[in-house]
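With the hints as extra help, turn the sequences into a complete structure.
For the sequence shown, counting from 1, position 72 maps to 72 in the working numbering; every step adds exactly one.
One or more hints might be untrue.
[Stated by the list, open to error] Derived pair list, reagent style DSBU-like, types lysine-lysine, alpha-carbon separation capped at 30 Å:
| hint | residue 1 | residue 2 |
| --- | --- | --- |
| 1 | K104 | K76 |
| 2 | K104 | K30 |
| 3 | K30 | K51 |
| 4 | K104 | K80 |
| 5 | K80 | K30 |
| 6 | K86 | K76 |
| 7 | K76 | K27 |
| 8 | K86 | K41 |
| 9 | K41 | K76 |
| 10 | K41 | K51 |
| 11 | K30 | K41 |
| 12 | K27 | K86 |
None of these hints come from the bench; they were simulated from the model. Every value quoted in this text rests on a predicted model; they were computed, and no experiment measured them.
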Amino acid sequence: MIETRADNVMEKRRFQRIDSNLPLRYKNIKTATVPVGSLTKDISEGGIRFKTNEFISLACRLVVEITLPTVQRPVKAISKVAWIRKLSSGEQYELGNQFLEISKEDRGLITDYMGRLRAADL
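The following block contains the structure:
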């Protein structure tokens, strides 16, 4: 496990996260019919963090589509809201999502993208 320091709290993560600013669309699997757009704050092979203008309850299932610059089509996954916090500025929230269902191909595309970012930092 990788330990990271965020907001003075030790967190244990299975996957390393990388800061990102990727376009994404999400919708509540049960209630929403129209996807909402946002941008990722970070990404890993296991999930994403992004901002939203709406409160989304913990454990809510979302369908997410992430646009990677290296791929022609969006990467799709079903995710679960793992945590949510209200931001101090305005009526925005930041939430962390854990991928529950994602194809091997799409997970591989995320892994490849993250590998390119890591290699660029060397």
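| query | Hint by hint, which ones does the structure fall short of? | reply | Violated hints: none at all, because every hint is consistent with the structure.
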